[in-house]
Amino acid sequence: MKKYIAERLGTALVTILVIIFVLFAMMQLMPGSPFNDEKLSRELIEKLNEKYGLNQPIYVQFFKYVKNIAKFDFGISYVINKNISINLMLKTRVPTSMRIGLQAVSVGAVIGLLLGIIAALKHNTFWDNLTTVISVLGVSVPSYVFALLMLYFFAYRLGWFPLLYTKTEPFRSSLLPTFALSMFTIASIARFTRTEMLEVLDSDYMLLVESKGISGPALIFRHALRNALIPIVTVLGPLVVGLMTGSLVVEKIFSIPGMGALMTAAIQANDYNVTIAMTYIYSVMYIIIMLVVDLLYGVIDPRIRLAKEDSGE
Amino acid sequence: MAREKIMEVRDLSISFKTTTGILNAIRGVDMDLYRGETVAIVGESGSGKSVTAKAMMGILASNSIVNSGTVKFTYNDNGGESKTVDILKMSKNEIRRDINGKHIAMVFQDPMTSLDPTMTIGKQITESMIWHYKTPKAEAEAKALELLELVGITDPEKRMKNYPHQLSGGMRQRVVIAIAMACDPDLLICDEPTTALDVTIQARILELIKDIQVKKNISVIYITHDLGVVAKVADYVDVMYAGKLVEKGTVDEIFYEPRHPYTWGLLSAMPDLDTRDDRLYTIPGSPPTLKNEIKGDAFAPRNKYALNIDTRIDPPMFKISDTHYAATWLLDDRAPTHDMPPEIKGRIERMLKEENK
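The listed protein sequences correspond, in order, to chains A and B. Read left to right, the first sequence gives residues 2 to 314 (this note's numbering). Read left to right, the second sequence gives residues 190 to 546 (this note's numbering).
It is worth saying that the hints were derived from the structure and are not from the lab. Treat the numbers as computed from the prediction; the structure is a model and nothing was measured. Hints are supplied without guarantee of correctness; some may be wrong.
Said to hold, decoys possible - Chain A is faced by these chain B residues, among others (derived, beta-carbon under 8 Å):
#: 1; residue: Tyr223
#: 2; residue: Arg285
#: 3; residue: Met295
#: 4; residue: His321
#: 5; residue: Tyr322
#: 6; residue: His354
Beta carbons are placed, not taken as given, at the ideal position from N, Cα and C, and that holds for glycine.
So that you can see chain A by itself, here it is in the shape it has in the complex:
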């Protein structure tokens, strides 16, 4: 297991390095500079370049950039909030998006798993069909439709929840966006769980477990779900990242000050530093989640955990 973890960690680090390099290269390849202003005199531009270190050789700039980005120091924003540190801009946005995303993923995973298990156990019955309908709806209907429907019924009609996200009630006002976002996760996890569980329940080893007389929750959770979980975790990983980095539309509908909104603003305003910062954070989160997924594989599946040691025998 140690070897496996070390290997995964190594791969993750290399991937991050590659991303850092690609981001830098893209920045260098982009035409122009931040000081592309006709009103600025040649001397002034040179002065500015010197001030910001842009006249130094590329490799010096590169190492400086690597040093800063490794410390999660992304510099300042040029356009959106002039000369304000990007870290300051992200300080509240990243946690807000991550929290709502995590809520949505947790809700989605738990409900999805339960639905999938029920559907597989009650194969070809009303419950199975219901799950299939929910899955198809959840996957095909965009989350903003759910968001608007929920807003209309639960916030506007019934008044159970606030219409918009407010910092004074960060949990209660985040429930509607959480559910709107979780629909897709519920649907895809339910569908995968159902398929995987059906396959596992049909396997020879489940027949053996049954022939041992094991039944009930022990049969389902100890044997069936554990084996079905391996592919489910793979699907869950990317879903987690997608939700944690904030959804553009849902954040807009509930006016949540999250990452999604900032990302679009940055791209539209050509605010390179912000774009790079967001891309970098997005990538690092993705890599971390995939690392966690890989480690989870090892925990769930002994064939992966022990693969290395075996070949050494």
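Given the coordinates of chain A, work out where chain B should sit on it, guided by the hints.
The following block gives chain B in isolation, referenced to the frame of chain A:
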């Protein structure tokens, strides 16, 4: 010593609901099994031998329908009292609680797929002891070690902590047998236990099951299409064809005095070093589809000795001796007398010679 009957199957008939209609997998099967004895159920794929075993285990697929029959199983419950139950009348939960693993255990065909890949060998063996008898963990583990030694696994302490993928096929089948023996069952059902194994391992696994059977005085049902296996292990043989029993008898009666043309065919299809013909005999045609009602003898279309009556009326079981029965009209007094085909005769003579050597 009086023989103690532990399994009595009467008029068992099972169908399956499939997308293309009803499939009549078993059409009236009778079977008896006594303590300490071995019965082999022989037949082609689809003859209903596995379904019969699964009915005894109460692990029939969910699309099965039991049309008729009783499966009476006699076992000693915890108090040591003899108890007889009809497995077909029990609920799934009752069977799981009282029968499966505890009194009837099963060894499956493919050891590569029949162990849970995410659980250690040790846990898979101790699981049913802890489940059924609430055996303390240490005690269960000690017994698991004993069982692993019994099934001939070297270094059992290390193997307890192994996962199935770290073991070879032969070892896995030994583990499956150890799992089956965990709660000291009265009956062990082996569903083609050696089909998926290497020939060199096959003999050892069969020896092993035989050894355990003698040591623990349990009954064994073998489900197989391999007559070589039957000859090695069985006391009694039930030959099945198209969901029916066509011939039953002691292993000697089936091998040396077969009476049913289907049994003749099966024996002829067994490879043999001395057969003069280079080509292996096969029974012409293929088994009937069990989706339609079968009129008369199901084997008639493939049977060169078929009589006129075979196409109209299904033959009953004719008694040949106290232990030997066959369902063929050839045994009726009015039927023309047919000797066994000469190939079979020659083979039996050779077998007898071998035996007497």
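Structure-based check of each hint:
For the restraint placing Tyr223 of chain B at the interface with chain A, the shortest Cβ-Cβ distance is roughly 22 Å, beyond the 8 Å limit, so the hint is violated. About 4 Å separates the beta-carbon of Arg285 of chain B from the nearest beta-carbon of chain A, less than 8 Å, and the hint is met. For the restraint placing Met295 of chain B at the interface with chain A, the shortest Cβ-Cβ distance is roughly 4 Å, inside the 8 Å limit, so the hint holds. Proximity of His321 of chain B to chain A holds as hinted, the smallest CB-CB distance being about 6 Å (cut-off 8 Å).
Contact between Tyr322 of chain B and chain A, as hinted, is not supported at the beta carbon level, the nearest pair being about 11 Å apart and thus beyond 8 Å. Given the 8 Å rule on beta carbons, the hint for His354 of chain B holds: about 5 Å separates it from the nearest Cβ of chain A.
When held up to the earlier numbered hints, the structure conflicts with 1 and 5 and fits the remainder.
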